[in-house]
Amino acid sequence: MGKLLFWVDKWLEGNTIQELAPNLFKAIPKRIIKHRTMSQALLNRGWIVDIKGALTVQVLSEYLLLWDLVHNWHLQQEAADQHLKNGSYSTKSAYNAFFVGTIHFAPWKRVWRSWATPKCNLFMWLVLKNRVWTVDRLAKRGLPHLAACPLCDQEAELIQHLLVSCVFAKQVWFLILHGLGLSVLPQP
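Note that the UniProt record's numbering gives residue 59 to position 59 of the sequence shown, counting from 1, and the numbers run on in steps of one.
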């Protein structure tokens with residue numbers, strides 16, 4: 001709830017407390033009015049200790065009205081407001097709130113900001129997300145597919161097999177590593 005003020009902001013059915021309970025509002029010291037935030041006021045009903053001065057019949061009736069309104073008001077806005085860093089709304093805060101709960105994939109910069117061609121970047125992205133159209137994905141959707149790897153005809157065509165364990169893939173990796181001066185291919 002950040003900087004939303006309990007006594008002066010329009011948070012209660014689109015009204016301020018001054019509009020709903022003017023006599024009760026007069027019983028609150030000005031220094032408290034300008035500083036009491038929503039979270040402070042609603043935590044253990046902290047707004048009640050703000051009431052000072054004479055308790056007339058009008059003040060008591062407005063107190064009971066406010067009690068009912070505040071008691072029925074839930075802190076549902078707190079989840080949305082936690083994205084407001086300085087208490088003010090912005091397009092960025094709405095955008096960030098929209099993606100709450102999504103999974104962030106840290107290596108995206110290595111894929112998309114590499115020197116490789118866009119076609120290679122897209123393929124790498126699909127590999128990392130396990131979205132390459134291999135036998136398992138084709139079979140799941142009832143599309144025609146080969147039963148085994150088209151390169152070696154030994155195992156099912158899975159992305160792990162195509163890029164690492166296929167004999168042709170091993171040969172490609174050997175040539176790449178040999179060209180870099182490395183002699184051993186790490187075992188998965």
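The hints are simulated quantities; they were obtained by calculation from the structure and are not laboratory data.
One or more hints might be untrue.
Calculated pairs, BS3-like style, for lysine-lysine (alpha carbon to alpha carbon, straight line, at most 25 Å) [stated by the list, open to error]: (1) 10 with 26; (2) 109 with 92; (3) 119 with 129; (4) 30 with 3; (5) 92 with 119; (6) 129 with 140; (7) 109 with 140; (8) 3 with 92; (9) 52 with 119; (10) 119 with 109; (11) 109 with 129.
All of these numbers come straight from a predicted model, not from anything done at the bench.
Now the hints, each set against the structure:
1. 10 with 26: Answer holds: residue 10 to residue 26 is near 17 Å, not above 25 Å.
2. 109 with 92: holds, 21 Å
3. 119 with 129: holds, 15 Å
4. 30 with 3: Given pair residue 30, residue 3 holds - Cα atoms ~17 Å apart, limit 25 Å.
5. 92 with 119: violated, 31 Å
6. 129 with 140: holds, 17 Å
7. 109 with 140: violated, 31 Å
8. 3 with 92: Cα-Cα ~18 Å, so holds.
9. 52 with 119: violated, 70 Å
10. 119 with 109: holds, 16 Å
11. 109 with 129: holds, 14 Å
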